[in-house]
Amino acid sequence: AQSVTQLGSHVSVSEGALVLLRCNYSSSVPPYLFWYVQYPNQGLQLLLKYTSAATLVKGINGFEAEFKKSETSFHLTKPSAHMSDAAEYFCAVTYYNQGGKLIFGQGTELSVKP
Amino acid sequence: EAGVAQSPRYKIIEKRQSVAFWCNPISGHATLYWYQQILGQGPKLLIQFQNNGVVDDSQLPKDRFSAERLKGVDSTLKIQPAKLEDSAVYLCASSTRDRGTNEQFFGPGTRLTVL
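Protein sequence lines correspond, in order, to chains A and B.
Remember, this note's numbering sits 809 above the position in the first sequence when you count from 1.
Remember, this note's numbering sits 1004 above the position in the second sequence when you count from 1.
It should be emphasised that the hints constitute simulated quantities derived from the structure, not laboratory data.
Being a predicted model, the structure only gives us computed values, none of them experimental.
Note that the Cβ used here is the ideal one computed from N, Cα and C, for glycine as well.
Calculated lysine-lysine pairs in the DSSO-like style (CA-CA distance at most 30 Å, straight line):
id: 1; chain 1: B; residue 1: K1048; chain 2: B; residue 2: K1019
id: 2; chain 1: B; residue 1: K1048; chain 2: A; residue 2: K867
id: 3; chain 1: B; residue 1: K1087; chain 2: B; residue 2: K1019
id: 4; chain 1: A; residue 1: K878; chain 2: A; residue 2: K867
id: 5; chain 1: B; residue 1: K1048; chain 2: A; residue 2: K877
id: 6; chain 1: B; residue 1: K1048; chain 2: A; residue 2: K878
id: 7; chain 1: B; residue 1: K1066; chain 2: B; residue 2: K1048
Quick list of simulated restraints, FRET-style, between CB atoms:
id: 8; chain 1: B; residue 1: S1062; chain 2: A; residue 2: S823; range: 40 to 46 Å
id: 9; chain 1: B; residue 1: T1080; chain 2: A; residue 2: S861; range: 33 to 39 Å
id: 10; chain 1: B; residue 1: S1062; chain 2: A; residue 2: P839; range: 18 to 24 Å
id: 11; chain 1: A; residue 1: G825; chain 2: B; residue 2: T1080; range: 42 to 48 Å
Calculated Cβ distances over 10 Å to all of chain A for the following chain B residues:
id: 12; residue: I1016
id: 13; residue: I1017
id: 14; residue: R1020
id: 15; residue: S1022
id: 16; residue: N1028
id: 17; residue: N1055
id: 18; residue: F1069
id: 19; residue: S1070
id: 20; residue: L1074
id: 21; residue: S1091
When you get a sec, could you build the whole thing from the sequences and use the hints?
Below is the structure:
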């Protein structure tokens, strides 16, 4: 079955430190991959997406992710965390024949310490 | 450009009562999605519309949930009767078309609490 796994439900980093949020997908067909961010009491906002072009994808707010087919991974990184990055992050996957239906991971809550 | 609008933002009901949620997608977006987000989990698709037709409702509990998108614009999701396990945030999203490469834009959600 197609699925997404996010390793670590909670990640805590210090301000200025590297942010690394892990995402692995399970599929036998080429995926389209997304990272969304959710602030408290708000909807989801797209950070970046991979749709079979460049494997290193740059998004908003300094985030980027690299698609690694051999590892079935799409980890999200940011070189230097900011207090405003504290939020819930969701990795999601869909496929060309799924009509846009997104399958989400369980989410990772990012805390940023001053 | 106005975003996806949802109302109400919060709703508290008792079990076995009925409730309805409303969504107005971004103008011109043909595809509309309803997701259920239970606390501590990622969103799960309930139903997908393309214009006013249902594309996917395989995960919609049809014995109690219903949804419609009259005229292919705004949409209503109804629960009747509600159960305790229906407590969740209900998110509406829209996109220009039903392709995996198209970005989905999410509304703020309706937080439902069933007592």
